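J.: Here is how the chains run, residue by residue.
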Amino acid sequence: MNRFISAGLFLLLAATLSAQNSDPAAVGTALIKDLENKINTESLDMTSTFTLVQKKEGEADRVLRLRIFRRDTAGKFTILFQYPDSEKGKGYYRDNDNLYLYLPSTREFVFRNRKDDVGSTDVRTDLFGKQDLLSQYTAKVTGDEKISKYDTTVVQLDAKTLDVSFPVQKWYLNKTNNLPVKVENYSASKTLLRTTYYVDFKEVAKGKFLFTKLLAKNNLEKNQSTLLSNDDIGTGKIPDYTFSQAFLEEQSR
Amino acid sequence: MPYYLSLAFKNIFRQKKRSFTLGVNYFVVAILMLLLFSFSDGVKKNFSGNLISAAAGHLTLSGGKVVKGKTLIGVSDYPKITKVIEDEYPGEVTVLARYKLTSTVYYLGQSKSLSFQGINTAKDTGLRDQVNFVQGSWADYVAQENGVLVSKDTADYLKLKLDDEVVISTRTIFGAFNTGTIRVKGIYESANYFVQGIVLCHFDFLQSLAMGDKLSASTLFVYFKNTDGLDVKREKLLGLLKDAGYVTSKPESSSDAISVVSSSTPKNKSEGVDVNENRLTIATVNEVVAILAQVLDAVNAAGGFLAAIMLFIIAISIFINMRMTINDRMQEIGTLRAIGTETKDIVLMLIFENVFLSLLFVLAGLTAALLIIGFVSNLLTLPPAGILSLFLDQGHLVLIPTLGSLGLILTVALLFTAIFSFFPARHGGKIRAAVALSKTY
Chain A
89 MNRFISAGLF LLLAATLSAQ NSDPAAVGTA LIKDLENKIN TESLDMTSTF
139 TLVQKKEGEA DRVLRLRIFR RDTAGKFTIL FQYPDSEKGK GYYRDNDNLY
189 LYLPSTREFV FRNRKDDVGS TDVRTDLFGK QDLLSQYTAK VTGDEKISKY
239 DTTVVQLDAK TLDVSFPVQK WYLNKTNNLP VKVENYSASK TLLRTTYYVD
289 FKEVAKGKFL FTKLLAKNNL EKNQSTLLSN DDIGTGKIPD YTFSQAFLEE
339 QSR
Chain B
3 MPYYLSLAFK NIFRQKKRSF TLGVNYFVVA ILMLLLFSFS DGVKKNFSGN
53 LISAAAGHLT LSGGKVVKGK TLIGVSDYPK ITKVIEDEYP GEVTVLARYK
103 LTSTVYYLGQ SKSLSFQGIN TAKDTGLRDQ VNFVQGSWAD YVAQENGVLV
153 SKDTADYLKL KLDDEVVIST RTIFGAFNTG TIRVKGIYES ANYFVQGIVL
203 CHFDFLQSLA MGDKLSASTL FVYFKNTDGL DVKREKLLGL LKDAGYVTSK
253 PESSSDAISV VSSSTPKNKS EGVDVNENRL TIATVNEVVA ILAQVLDAVN
303 AAGGFLAAIM LFIIAISIFI NMRMTINDRM QEIGTLRAIG TETKDIVLML
353 IFENVFLSLL FVLAGLTAAL LIIGFVSNLL TLPPAGILSL FLDQGHLVLI
403 PTLGSLGLIL TVALLFTAIF SFFPARHGGK IRAAVALSKT Y
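Residue numbers (my numbering), protein chains in the order written: chain A, 89 to 341; chain B, 3 to 443.
Please keep in mind that the hints were generated in silico from the structure rather than gathered at the bench.
Any given hint could be a false lead.
Part of the chain B face toward chain A, derived, beta carbon under 10 Å [to be verified]:
no.: 1; residue: Q112
no.: 2; residue: S113
no.: 3; residue: S117
no.: 4; residue: A178
no.: 5; residue: F179
no.: 6; residue: N180
no.: 7; residue: T181
no.: 8; residue: V297
no.: 9; residue: A300
no.: 10; residue: P385
Bear in mind the structure is a predicted one, so any value in this text is a computation, not a measurement.
Even for Gly, the Cβ is constructed at its ideal location relative to N, Cα and C.
Next up, chain B with everything else stripped away, as it sits in the complex (with noise of 0.2 Å):
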């Protein structure tokens, strides 16, 4: 080893008021970003998962028949496309058609707007994991042809209670309304955002009351192994199910992503009476998050602002310690020169000192922040009600400090430091012997 870098490393406490001052720095810096980025991958994470759980596939087909220029809305004859997705994946995907529609219940004098999604419980059972029953049970709802789960809030607001029989009220999907009897069967409550207020039903019970044909379903999600090369297998069941006569498309954007997640109405152009087509669009649960992913890089771009506020500060302290430190280590500059230490090394042992300074506060700043991180995922439990159970796994906040983030942080501190410790360390380096001992005596 030089023998600068273990100067420059004993020296690193020598000014300790100096050292202190410009260590807390780096210190809270490290703790903010590495939180920031441990928050922002925790959601991705959380979110993608909650989504994948109850709400989207790794793909998800929708569309509509088109029918002498009306758009139905729903995928036709989704057994034809799963059993094309499933020859081309045979043991390897999953295949679940899902029926949605708003209704408006009415109860007691009450009536309030729900989102109902129709399962087929014989197949679909991931959904079962994700509630837990404050009364009834899975088997009760299973059992009963129009049995529905209700989360707690609604049968709350409604004062419904198990076994209740309730008529909704629904357009079809052609613009009549159609009414039906829902029996409460189950009451839950849900940590999964995507879950919380969704009315759980019978798939061929919403199927028939939407009056939709018995091969229709409003959404088709595809689960694979994992998530590798989705965008590859997509394009490969684009091609395949043009071929089984739909016109496929993927999603021009994150919104139309997410409305293809949420079966929503297609904004389609007026179209001819002539046309007549069935229209499939699939998207990936990428394209899904991306919109989320936009909205945390910006909040990790405000961090990171925050985070070059601090940076500059270090920045100004550096070069102004490092005169000072100059300035007071005259006579040991000058003495390291007239032994024939050469300006290089005498630079470096100065910025070192800053690196090395660095470095220990940015460690103690990581380590900090990963105390904070178990503290806060596995010791605090938030409730997870409304939107912040977006953020939240079984009520604790999701954090996710990666190794990326961990390395990036000490990487740009350190070379950050470096940088700007280099000016005036060269200043220092050149100044001769004779000048510096001139200086002290």
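Just chain A, same shape as in the assembly (with noise of 0.2 Å):
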């Protein structure tokens, strides 16, 4: 039902934009508004565990299990690896733009740029925060396109500033309820550098979404990619504790 209204009110978003205003750069930053506001949860506090599936083309695939503790409001999260053996104990602890590294080998916090790839693989640590592209990048609709079988706006994203990774990235939003379907990362040249497909949805709380699959592309790596899944999603009130770096170094023991 709440899934019902949200299509309805983002159609009623896309049709008044469209009516009143046909400025590419407004309309993209409505879209990314209200993607924003979709995806962020900062009213919940999130808990979920990551599965991810790293395909190399040539080597066995490798596998890792990631326990997720999100509390947007405050900026920060803190993720636990839970598999392989070999990972177990290690972690990480993002508070606003610090991002912390624990090696539990060596007891040690290092301190890591926040868009860090998660044990080496295309997925980066910045997929379980809270999203603020607005702050970063300013956005325009480029066009329409058909990824698979959903109708896509497509908005550019280009960097204010280049301290960013990726200077372009282009979203491609499904145009029934402004959820991503595919979002390509470039780099300032404008090579392709990965691509995102976004599979699956699930409404956490109303009007609030939280991906449970996706595959990030590597494009200069050719045959690389990961697979993520997100299950065991729960939205119960996380201890503060949780969110601090005691925590981590506690659950290595």
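Two independent chains are provided; combine them into the complex using the hints.
T.: Quick look at the structure:
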């Protein structure tokens, strides 16, 4: 029911935008704002388990399982590596722009770029937290495209400053619910570096969505991709202590 | 010459077995110590030489531009710095700008993270002499704007051939990803450790790939005619560049100096948004190699410890040998004392017997060590791969025996012998004629 209300509201937004404003930048900004509103879960604490399967040509599949604790209101998340045993005890703790990787072997926290790749896969840590695209990019609609069976609006994001990993991004937003179907990340010289396909979403609260399956493809390293599934999603209150370095240290014991 | 000296010299091999047993110890210690010192001096010289030829200047400058508390790595306005240096040392200095970055190379399903160095091919030609071309040429590389030289190992790993075009992806100085295409114009081998593995590019190409401004460089290498007075020259440049508007500093430690040469990210504390400045750190090549000197000192200390054990054995041998010698030669000592030889002359004769013995065998040991060094340095060729190439020059192990090392080994051996011979010799010298002769007859 909520899904229908949300889709209805989005259709109303799209109709209003197209009728009142044909400026691609204004429409693009409104779509991204709506998207952020849907995928950022400020009102909720989120807990889920991610399973990442990295596929590389000529190599056996690599599987990682992570437990995520997310609190968008405070701009924090904690990630615990659960599988394989060799990675167990590792974890990330993000507090706004500060991202720390905990290494149990040396019992130290390493300050990382907030755009770190998780366990050398094609999935980046910024995927797990709150999206704040409009503070870093300007948006504009560049057209429509059909991706698989979905009609999408293509919104191009151009970085305001080069302090981002991907200076250009293209978000292919589903015309029916404004959720992403595909995201393309480009380098400063407009070379396609990565493509992320959002396969499925789950509505975790009214008007709030969390992806449950996505495929991240490395466009430079041919035949390398990472499949990510998101299960055991919970929205119960998470103890404050979970969002601390001490929690990661404790969990590694 | 006092008569006891000629007597001492004649007595060296009176007890052949004992003398040779003791002498062999001196011989081995001399060989061991000279090889060790020569290796240490060789590595230092080879390391510095290779480093200066490829990866550092006599003075190396690196830094960062802090804009609103954020540091952009690199030297700002390098032509201005170059002018300051060249004006201060007209005609006697060469300043070379390099651009460096690490980038992942993707080719035929393989990827590898490689170090790229951009050089100004018109001015910076020193590296040309450090590489042997397996394929391609220096001229081909110079002619192609995005041309690169790759090592044979890298080419083999990525299955690269001449004229292959390859996509590289790197983070710019601002953090964003950028991509570019390079073309292989040469595949090389090098005996220089600091060249192996480097992908040599054009300065402008790397600068544009990293989105650095046209006046920026990663590092500046400053070469003088010799390495004399580098600290003084550095102090002078620190002052001049400070006057030119830079915040200048010296590395605080050897590892900081290595960071300057490798242009690695400085460990900055988080800074306020009101911090805006151009920073420069100047390291001397001596500071860079200091860390190696520490390692070599540790190696020398380990060798010295081994030599000390052998010298301890020698000390005990000297003591036992002399007590036995004195007992064996009681008649001779008694006769010498009876004809008026003084105690000190007996003592000196006994000491000099050992000193001459050690002199003979240490000299023999040093000669043998020099022969070994000559053989190893010239005739033995080793493959210049990986870390081993730090010790090699054109495939040959670099061993440099210095006069200082030779003198030190000889002096220590002789003094040691004299000191440890003194106590048993004094005992021998104190024996009175009547006592000595009564023990004999």
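J.: Against this structure, judge whether each hint is valid.
T.: Each hint, compared with the structure:
Given hint, Q112 of chain B at the interface with chain A, holds; its Cβ is 9 Å from that chain's nearest Cβ, closer than 10 Å. Nearest Cβ of chain A to the Cβ of S113 of chain B: about 5 Å, under the 10 Å cut. The hint holds. Hint status for S117 of chain B relative to chain A: violated, with the closest Cβ pair at about 19 Å, above 10 Å. The beta carbon of A178 of chain B comes within 4 Å of a beta carbon in chain A, closer than 10 Å, and the hint placing it at the interface holds.
Below 10 Å, beta-carbon pairs count as interface contacts, and F179 of chain B has one with chain A at about 4 Å; its hint therefore holds. Evaluation of the N180 of chain B hint against chain A yields a held restraint, the C-beta minimum of about 4 Å falling below 10 Å. Given hint, T181 of chain B at the interface with chain A, holds; its Cβ is 4 Å from that chain's nearest Cβ, closer than 10 Å. Taking 10 Å as the C-beta cut-off, the interface hint given for V297 of chain B is violated, the closest approach to chain A being about 23 Å.
With a cut of 10 Å, the hint placing A300 of chain B at the interface with chain A is violated, because the nearest CB-to-CB distance is about 24 Å. Hint on P385 of chain B is violated. Least Cβ distance to chain A is approximately 29 Å, over the 10 Å limit.
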